[in-house]
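Enquirer: Residue numbers (our numbering), protein chains in the order written: chain A, 18 to 378; chain B, 18 to 378.
Accuracy of the hints is not assured; some may be wrong.
Claimed, not checked - Reference listing, derived: stretches of chain A covered by chain B, where coverage requires no fewer than 3 residues with Cβ under 8 Å from a Cβ of chain B:
1. 123 to 137
2. 166 to 180
3. 255 to 267
Keep in mind that the hints were calculated from the coordinates and are not lab data. Ideal placement from N, C-alpha and C gives every residue a C-beta, glycine not left out.
The primary structure of each chain is shown beneath.
2 protein chains.
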Amino acid sequence: MLDFPDISASRSSVKEFASSNPFFVCVISHTETSEIPGLTVAGANPELVKYTAPADSEFLYYGRCKCIEGVPATPDGKPTPALITRAALKSAGIPLLVVEAGTKVKPSIPCIPLGIGPGKNITRENAMTMSDVEKTFEYCSMLGRELAKASDLVAVGESIPGGTTTALAVLSALGIDARFKVSSSMPENPHYLKNQVVTTALQRTGSCRSAFEAVSLVGDPMMPAVAGIASGVMGAGGKVLLAGGTQMTAILAILKDMGSRMDNVCIGTTTYVARDPSSDLEGLVGSISPKVPVFSCDLHLDQSKKPGLQAFARGFVKEGVGAGGAAISAMLKTKGQIDGKMMMAFIEQEYEISIERPSVT
Amino acid sequence: MLDFPDISASRSSVKEFASSNPFFVCVISHTETSEIPGLTVAGANPELVKYTAPADSEFLYYGRCKCIEGVPATPDGKPTPALITRAALKSAGIPLLVVEAGTKVKPSIPCIPLGIGPGKNITRENAMTMSDVEKTFEYCSMLGRELAKASDLVAVGESIPGGTTTALAVLSALGIDARFKVSSSMPENPHYLKNQVVTTALQRTGSCRSAFEAVSLVGDPMMPAVAGIASGVMGAGGKVLLAGGTQMTAILAILKDMGSRMDNVCIGTTTYVARDPSSDLEGLVGSISPKVPVFSCDLHLDQSKKPGLQAFARGFVKEGVGAGGAAISAMLKTKGQIDGKMMMAFIEQEYEISIERPSVT
């Protein structure tokens with residue numbers, strides 16, 4: 018019996034991505050574009066943003082962070098969505114692998130570093146060299162091919178502050194109108210600032226001939242890593258769940274540009290992104306590769322007793338660190354035995370352990 | 018139907034380690050002890066020994082090496098057992114992950130580096146710091162726990178030139194008489210030299226109170242890595258196949274010393290080690306943890322048309338890079354559909370591609 022009452026599907030059925038052994042990969046990265054004031058709240062203050070991605074990956078492993086005190090949070094204290102991801106992976110015994118694609122701070126965990134630096138501020142200089150884009154993609158494809166031998170569904174999430182702006186830039190460089198469609202970790206989506214950043218970047222670079230060139234000029238290092246893993250998995254006959262929101266549409270654009278068949282890839286996210294009135298994930302997917310399904314799961318956090326979790330349902334944070342895709346993977350692996358409300362209970366437990374009484378961990 | 022005519026078992030049945038989804042991990046490492054003249058032939062000349070482990074791991078991924086021309090070989094041209102490992106993993110679609118535990122040269126592949134240096138020459142100084150032993154073990158346990166979620170049998174191989182001497186040293190430091198029992202990549206096992214190296218090392222250090230201390234004083238960085246993976250896998254309820262020869266008995270000694278239950282671990286190797294008259298794998302296992310089974314597979318290389326492969330059956334090389342354990346894993350995964358002779362055919366194909374006409378790859 019496969020029944021997933023809390024997973025909504027834009028098209029196709031989530032049953033086509035059924036998996037008894039999903040594998041979760043988290044790509045952590047940094048773009049200096051995130052240091053432009055006002056672009057992201059993925060860090061309690063601008064100085065802390067460079068710790069967010071490595072701290073998220075530490076949280077996934079340990080349930081606490083090593084490179085910072087406490088957990089990554091917004092300036093007004095909303096906690097990282099890594100809470101959801103960790104709860105989801107634990108609930109269904111889903112294996113985790115972390116890929117470090119150019120963070121500024123290195124995490125204290127076993128992970129696969131790609132040997133590249135952080136992405137540059139795209140308003141001022143190219144994000145990364147073409148050879149780093151190619152090497153990142155190649156290494157990650159190799160990794161994807163191996164993971165496809167271990168798992169029939171590889172879910173790939175990301176933690177890169179400021180990533181929706183570089184996603185907007187890459188989509189724009191490829192001629193896809195994504196303005197006012199990318200999501201934000203804030204309820205008040207700073208679209209005008211993002212559009213301005215992207216306009217400045219594209220004035221600097223001119224047009225792009227390929228997705229790789231777009232990534233090199235105005236993207237970020239997370240992109241060729243996630244696209245490479247996805248490409249490797251699909252090349253080996255596996256299925257891929259891109260665990261994230263509108264940032265993942267840039268990955269779709271890369272895969273499409275490379276001629277990938279798009280029938281074994283989906284996007285998995287939270288309803289907080291999928292139904293976000295300030296962005297348009299469905300519309301973006303439709304304008305890139307309309308047959309790619311978008312699955313979103315309702316985690317019922319609006320009913321949570323914890324104010325920090327309720328906020329996710331009120332437009333704060335919404336998604337990240339593959340939270341929605343990890344939750345969907347857990348539902349798939351348990352054949353629907355875990356539904357959205359049960360997942361909410363696991364997330365609340367995680368919140369109690371790591372936020373309310375962290376000294377116990 | 019499970020029938021494995023080419024796998025010999027010392028005790029228990031290999032069926033207890035049956036697996037539909039084995040995962041293979043290769044730990045690559047270096048000990049400066051290998052630079053003592055006469056101790057190893059895992060390199061065409063002493064200067065090349067530091068390339069052997071990274072080149073092996075590159076070969077597993079690409080079927081050719083990047084850090085050296087050709088493939089690792091003995092001074093008289095016997096090729097690396099990575100040939101067997103690659104053929105075995107390919108034959109059964111077994112996923113591969115490489116862990117870099119202190120190589121001198123870094124491989125050009127995606128892998129998990131542990132951030133430690135090569136092991137020191139144990140005749141002169143301690144192999145590694147206690148904190149590096151502990152960190153390596155901890156990171157690798159974390160990794161093992163994740164792999165156990167993806168696979169019911171994790172096979173762990175190694176490539177570390179000179180590793181039988183450090184194994185002898187650790188066993189001796191723990192009071193296990195392993196003299197004349199450890200194997201060699203040469204037909205003429207240099208036991209007297211190994212014993213002398215170990216005597217010198219133990220005179221320097223005195224006795225050891227724990228296996229970790231023994232590793233720190235006279236071991237090598239491969240040991241806490243492999244032991245950590247094994248411990249993590251078993252702690253998460255999985256089974257472990259230590260893919261190697263007499264070096265793996267040092268891992269058993271570490272696991273036993275740490276109080277691991279020893280009922281989910283086995284050693285898997287080639288018959289060339291298991292029946293080697295110049296060493297005593299069975300005897301070593303018996304004096305450490307008698308209930309741990311030793312499985313050895315007959316690859317029928319004595320019947321190979323290729324002289325370079327025949328040599329494996331005549332006491333050259335014998336094992337390494339987890340060759341025997343990878344072959345056993347492939348037999349297990351295919352439920353015996355791949356037997357020793359079929360595996361020999363795959364190995365010969367690999368030999369033709371990579372040794373006889375490498376320009377084609």
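Enquirer: Each hint needs a verdict: does it hold in this structure or not?
Expert: Status of the hints after comparison with the structure:
1. 123 to 137: holds (count 6)
2. 166 to 180: holds (count 3)
3. 255 to 267: Per the Cβ count (0), the hint is violated.
Checked against the numbered hints above, the structure violates only hint 3.
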